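So the sequences go chain by chain: H and C. With the first letter of the first sequence counted as 1, position 416 gets the number 419 in the working numbering; the numbers rise by one all the way through. With the first letter of the second sequence counted as 1, position 567 gets the number 570 in the working numbering; the numbers rise by one all the way through.
Calculated directly from the structure, the hints in this document are not laboratory data. It cannot be assumed that every hint is accurate.
BS3-like, lysine-lysine: derived pairs with alpha carbons at most 25 Å apart [what the hints assert, rightly or not]:
#	chain 1	residue 1	chain 2	residue 2
1	C	Lys447	C	Lys464
2	C	Lys527	H	Lys190
3	C	Lys464	H	Lys109
Residues of chain H clear of chain C, computed beta-carbon distances all greater than 12 Å [what the hints assert, rightly or not]:
#	residue
4	Asp23
5	His117
6	Lys323
7	Lys451
8	Glu502
Predicted, not measured: the structure shown is a model, and the values here were computed from it. Heads up, the beta-carbon is just placed ideally off N, CA and C, and yes, glycines get one too.
Protein chains: 2
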Amino acid sequence: MRVTTSFPLGTLRDTPSEADIISHKLLLRGGYIRRINSGIYAYMPIMLRVIEKISKIIEDELNNNGCTKLLLPQLHPADLWKRSERWEAYTAGEGIMFNLKDRQGKEFGLGPTHEEVITIIASEIINSYKQLPQCFYQIQTKFRDEIRPRFGLMRSREFIMKDGYSFHSSKEDLALFYEKMGKAYEKIFKNCGLQAVGVEADSGAIGGASSKEFMVTADAGEDSILFTESGSYAANIEKAVSIPSEPVELETYRSELLETPNQKTVFDICKKNNLDPSQIIKVVIFLAKFEDKTNLPILACIRGDQQINEVKLFNLINLKHSSSLINLDIIENKSIVEKNLVDFPLGFIGPDIDNKNIKVNSNWNKKWFRIVDNSAKNLSTFISGGNKINFHKVFKKYSFEEEEFLTADIRNAKQGDKINAESNEVLKEKRGIEIGHIFQLGQKYSAKLNAKFSDKDGKLKNLWMGCYGIGVTRIAQAAIEQNYDDKGICWPIQIAPFEVIIIPTNFKDPLQMELSNEIYNNFKDNNIDILLDDRDERAGVKFKDAELIGIPFQIIIGRDSINKEIEFISRSNKSKIKIASNKLLETFISETKAMY
Amino acid sequence: MRVTTSFPLGTLRDTPSEADIISHKLLLRGGYIRRINSGIYAYMPIMLRVIEKISKIIEDELNNNGCTKLLLPQLHPADLWKRSERWEAYTAGEGIMFNLKDRQGKEFGLGPTHEEVITIIASEIINSYKQLPQCFYQIQTKFRDEIRPRFGLMRSREFIMKDGYSFHSSKEDLALFYEKMGKAYEKIFKNCGLQAVGVEADSGAIGGASSKEFMVTADAGEDSILFTESGSYAANIEKAVSIPSEPVELETYRSELLETPNQKTVFDICKKNNLDPSQIIKVVIFLAKFEDKTNLPILACIRGDQQINEVKLFNLINLKHSSSLINLDIIENKSIVEKNLVDFPLGFIGPDIDNKNIKVNSNWNKKWFRIVDNSAKNLSTFISGGNKINFHKVFKKYSFEEEEFLTADIRNAKQGDKINAESNEVLKEKRGIEIGHIFQLGQKYSAKLNAKFSDKDGKLKNLWMGCYGIGVTRIAQAAIEQNYDDKGICWPIQIAPFEVIIIPTNFKDPLQMELSNEIYNNFKDNNIDILLDDRDERAGVKFKDAELIGIPFQIIIGRDSINKEIEFISRSNKSKIKIASNKLLETFISETKAMY
Numbered sequence: 004m005r006v007t008t009s010f011p012l013g014t015l016r017d018t019p020s021e022a023d024i025i026s027h028k029l030l031l032r033g034g035y036i037r038r039i040n041s042g043i044y045a046y047m048p049i050m051l052r053v054i055e056k057i058s059k060i061i062e063d064e065l066n067n068n069g070c071t072k073l074l075l076p077q078l079h080p081a082d083l084w085k086r087s088e089r090w091e092a093y094t095a096g097e098g099i100m101f102n103l104k105d106r107q108g109k110e111f112g113l114g115p116t117h118e119e120v121i122t123i124i125a126s127e128i129i130n131s132y133k134q135l136p137q138c139f140y141q142i143q144t145k146f147r148d149e150i151r152p153r154f155g156l157m158r159s160r161e162f163i164m165k166d167g168y169s170f171h172s173s174k175e176d177l178a179l180f181y182e183k184m185g186k187a188y189e190k191i192f193k194n195c196g197l198q199a200v201g202v203e204a205d206s207g208a209i210g211g212a213s214s215k216e217f218m219v220t221a222d223a224g225e226d227s228i229l230f231t232e233s234g235s236y237a238a239n240i241e242k243a244v245s246i247p248s249e250p251v252e253l254e255t256y257r258s259e260l261l262e263t264p265n266q267k268t269v270f271d272i273c274k275k276n277n278l279d280p281s282q283i284i285k286v287v288i289f290l291a292k293f294e295d296k297t298n299l300p301i302l303a304c305i306r307g308d309q310q311i312n313e314v315k316l317f318n319l320i321n322l323k324h325s326s327s328l329i330n331l332d333i334i335e336n337k338s339i340v341e342k343n344l345v346d347f348p349l350g351f352i353g354p355d356i357d358n359k360n361i362k363v364n365s366n367w368n369k370k371w372f373r374i375v376d377n378s379a380k381n382l383s384t385f386i387s388g389g390n391k392i393n394f395h396k397v398f399k400k401y402s403f404e405e406e407e408f409l410t411a412d413i414r415n416a417k418q419g420d421k422i423n424a425e426s427n428e429v430l431k432e433k434r435g436i437e438i439g440h441i442f443q444l445g446q447k448y449s450a451k452l453n454a455k456f457s458d459k460d461g462k463l464k465n466l467w468m469g470c471y472g473i474g475v476t477r478i479a480q481a482a483i484e485q486n487y488d489d490k491g492i493c494w495p496i497q498i499a500p501f502e503v504i505i506i507p508t509n510f511k512d513p514l515q516m517e518l519s520n521e522i523y524n525n526f527k528d529n530n531i532d533i534l535l536d537d538r539d540e541r542a543g544v545k546f547k548d549a550e551l552i553g554i555p556f557q558i559i560i561g562r563d564s565i566n567k568e569i570e571f572i573s574r575s576n577k578s579k580i581k582i583a584s585n586k587l588l589e590t591f592i593s594e595t596k597a598m599y
Numbered sequence: 004m005r006v007t008t009s010f011p012l013g014t015l016r017d018t019p020s021e022a023d024i025i026s027h028k029l030l031l032r033g034g035y036i037r038r039i040n041s042g043i044y045a046y047m048p049i050m051l052r053v054i055e056k057i058s059k060i061i062e063d064e065l066n067n068n069g070c071t072k073l074l075l076p077q078l079h080p081a082d083l084w085k086r087s088e089r090w091e092a093y094t095a096g097e098g099i100m101f102n103l104k105d106r107q108g109k110e111f112g113l114g115p116t117h118e119e120v121i122t123i124i125a126s127e128i129i130n131s132y133k134q135l136p137q138c139f140y141q142i143q144t145k146f147r148d149e150i151r152p153r154f155g156l157m158r159s160r161e162f163i164m165k166d167g168y169s170f171h172s173s174k175e176d177l178a179l180f181y182e183k184m185g186k187a188y189e190k191i192f193k194n195c196g197l198q199a200v201g202v203e204a205d206s207g208a209i210g211g212a213s214s215k216e217f218m219v220t221a222d223a224g225e226d227s228i229l230f231t232e233s234g235s236y237a238a239n240i241e242k243a244v245s246i247p248s249e250p251v252e253l254e255t256y257r258s259e260l261l262e263t264p265n266q267k268t269v270f271d272i273c274k275k276n277n278l279d280p281s282q283i284i285k286v287v288i289f290l291a292k293f294e295d296k297t298n299l300p301i302l303a304c305i306r307g308d309q310q311i312n313e314v315k316l317f318n319l320i321n322l323k324h325s326s327s328l329i330n331l332d333i334i335e336n337k338s339i340v341e342k343n344l345v346d347f348p349l350g351f352i353g354p355d356i357d358n359k360n361i362k363v364n365s366n367w368n369k370k371w372f373r374i375v376d377n378s379a380k381n382l383s384t385f386i387s388g389g390n391k392i393n394f395h396k397v398f399k400k401y402s403f404e405e406e407e408f409l410t411a412d413i414r415n416a417k418q419g420d421k422i423n424a425e426s427n428e429v430l431k432e433k434r435g436i437e438i439g440h441i442f443q444l445g446q447k448y449s450a451k452l453n454a455k456f457s458d459k460d461g462k463l464k465n466l467w468m469g470c471y472g473i474g475v476t477r478i479a480q481a482a483i484e485q486n487y488d489d490k491g492i493c494w495p496i497q498i499a500p501f502e503v504i505i506i507p508t509n510f511k512d513p514l515q516m517e518l519s520n521e522i523y524n525n526f527k528d529n530n531i532d533i534l535l536d537d538r539d540e541r542a543g544v545k546f547k548d549a550e551l552i553g554i555p556f557q558i559i560i561g562r563d564s565i566n567k568e569i570e571f572i573s574r575s576n577k578s579k580i581k582i583a584s585n586k587l588l589e590t591f592i593s594e595t596k597a598m599y
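So that you can see chain H by itself, here it is in the shape it has in the complex (with noise of 0.2 Å):
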């Protein structure tokens, strides 16, 4: 391509405010994307030969695996969503799902995943276990209604996902599948030049028995991973486990009652009265909503140094219940308080509260659900509130069980916790960004949807169920956050819009316009993606604007073109070399196969 003909380039000199990471700066800057609305962005041509270079990676090892690519609606009836009973979380309350109503009035969702349409169209394509397995997958734009969309196309509203759906006759088969697929993601990674670790993961709204996530190690990352030295263990931390470190054993009071005037934070009461946050335990208030509307209020009590994990905490109160589990609040607000509960002082709860604390004419159940956390439910001597104002209480042999305390795992892993109780090896703790999400679905969805196949005993039995995804538009983004220098983008060469990029010096001149239309045409003729930046402008704005879009290779033509000599300039190691023009090509090759 040339620049001035087809392939105008739309660099900017100024970082735009809005841009807080590197990678979504850098896309900004280099004339990648541009954004038309909060969280919406087009994709500049140079920007979709990036995702095109990915999916192209992704179809071949995905077609490689017997997958085959197919093209979903985006508009999904409601009623779809309604059978599969995700209509509503997915559209009241926190949902993300955009919604709409047509024009005869009938509902629609704007797809943010597809396991309803394609369990329909197996339902009606799949008759027997001789079809099976099948899977099948698409590249497709999704649509999420963040509620903070940021980090440019790491949370966006509209973005590029490969989503796959595996059908099965068993568990069995499902399981296999699932791990020839987490292979073929790893490859898929590899192929693309990045970095990236699958971790233990939560299910979260997709459900299904158990899921992998795929990591890209990088500081500006969302999620936080857990894992350890030997590699034996990995998790998303919204799943990992670990064994607590000890408490320290908490030395008698004098007096049943502490005053702890203002000390509504750990922090303040082991500050102030010589405590360790091991000897403490924080009661937290939630109130959880039902798609049933019931409204129940949740006292999650753990100790004092640990951290509440609310995807557990979730994840526990939905299974425990019939109706599905829409939000998940912290109560902090003080009318909200006020309104629904009496006598009731926040920052200074224990785990003995009352039930008769809640309003006889609020909305809420009137008996709470008590939660304790593994790492709380041994201690029986600790401090926790009062249930006073300013006041905490000394707890001596006190028995969880007889207040009727649901125990669970609810607390964060963190830094430092041996992985179990056997083991000496201890977690360490990274950030990473989600590029890849791998799920066991089993029979959720073809119980609801009735989508069932003829086993080989005749009988009908539910379809076993995978589903696959990978983010298309956030690999481009992570691969700018693995490789980058002050200067620019650095692409993994897989991934690069272009391999290589010629630079004249000065294109007016005729020996460098006739060498490099050589070379251009020379490189083109082999099938090599190359760029010729033809514009009649200073060289240094040419250099600046071939760094920043990160182009792997530049062959700088300038005053040597009466030899027939060029300079020829790797990116990402800033290696530079002088070259005889007839010796170029080869040169390239040999550079370049080691990368792929």
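Following the hints, put chain C in place on chain H, whose structure we already have.
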């Protein structure tokens, strides 16, 4: 691809009842598409291959013409469409844009077309005439909330389009590029194996000076094309102009009033009173609703043997008023008449009906906007409504000028009409399917969205714009309307999902399996799109499926495998030859070369 492991077919035995035209039936029966909702379809793997082939043909030709591919968002902020003054027309009344509010309550439309978005981008990236011309295009799913989705992908609510937008420094450069794109379009449709014609067209809601549609002629087409045998003229009926036939002179009637009991149609009056339709003037009442809420009653008069062209009428009224026309409805509803008009004998209205018939308390304008078609303007003696139930009137020496009539062409040209007063060429009529549309937009959008460039003289000027659409999914279906027989589809090879299919009559036979695999691998190595039907099915089932899905060539592997002989069948011309397997590849290549 192999049917069992990576390319499942989904053919149906019965034709789904929803389909009304042959191409729609064949797409469903062939397993190409599956209906998810009214006007919303999934593109199954075999369909996606057709779509990708068409897309590739379009891309290659556009890239050759210096166009650059990008990808724009599908969610469009309402604000942008309000600036171009299209939001109301596209979302209110008969508006076809799906629209929604996000979680923050902000309005968005789902893009049916992208003039606004691309113009905003152009306004940011184009500064100087030196950067012009430029043309950007994308291939993307578009949305239209059709009031009556039908004919499968022909008039669906989600469909794939190529839309392109060009930017120029002058009207002349735009006109040149528009011509060049017209030529590129002809080539694209030819490369898709289609017979298409370019016709003059109405610019519709897109706006602009000049536009041309590309039509595939087919009986199932929704459009009427009028053209001369010589090719000197071709236009969509919405736009076509012609000279109406001469009227029959009216003999003198004895009385002014003509009793016409229950004779509300031209046909009835002519039959009962021995008149010719050209001796009558038909008066049709419309109500025009504008964006500024004006309701303007329209009195449209035309000769009784002619039909009103509502597109011409709409454009005329829109042009004559400062506010945008949103709806134009015929007034036939009795309750609307009674609410707004007094003493109004619908069916017996004459061109001289009084303004006083509009009720004082109606929210309509109190004066008829009177329009007379060219076909009627010179008649001074004619029959028309008597403004009294069951009476018509003989008008003698009537002058339209006296009544403040706007004279214009608001008539449908029709088969047999002369194309102009000088020529003897007459119009013929055919049905057509619109597959492409190009427009000279002029400065409509750049003026409204403030997209300027600095010209050679250093002055800021509005960009000149063109826009260019191709219906990708429509092409696929239109190709079927032109290429099918009683057994199924006969794809043009250029856009067929596969070029050739291998059908072993008994795949369990080791000889057949070996020969099938040998041919399959040989063809694949030569980059031929080949499908191997390796199912354990009866030969008859496989033959029927191959014919239905319409792969251009079939390789039948049967008992002659032992002699390494196979049958080679052309789907479209039904030729069948026996051939040695080692001659097959070269025969295939020479047969197909001529077809591309």
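Quick rundown of the hints versus the structure:
1. C:Lys447 <-> C:Lys464: holds, 13 Å
2. C:Lys527 <-> H:Lys190: Given pair C:Lys527, H:Lys190 holds - Cα atoms ~24 Å apart, limit 25 Å.
3. C:Lys464 <-> H:Lys109: violated, 45 Å
4. Asp23: holds, 20 Å
5. His117: Not fine: 9 Å to the nearest Cβ puts H:His117 too close to chain C.
6. Lys323: Given that every Cβ of chain C is farther than 12 Å from that of H:Lys323, nearest at about 29 Å, it holds.
7. Lys451: Holds: least Cβ distance 17 Å, greater than 12 Å.
8. Glu502: For H:Glu502, whose nearest Cβ neighbour in chain C is about 18 Å away, the distance exceeds 12 Å, so it holds.
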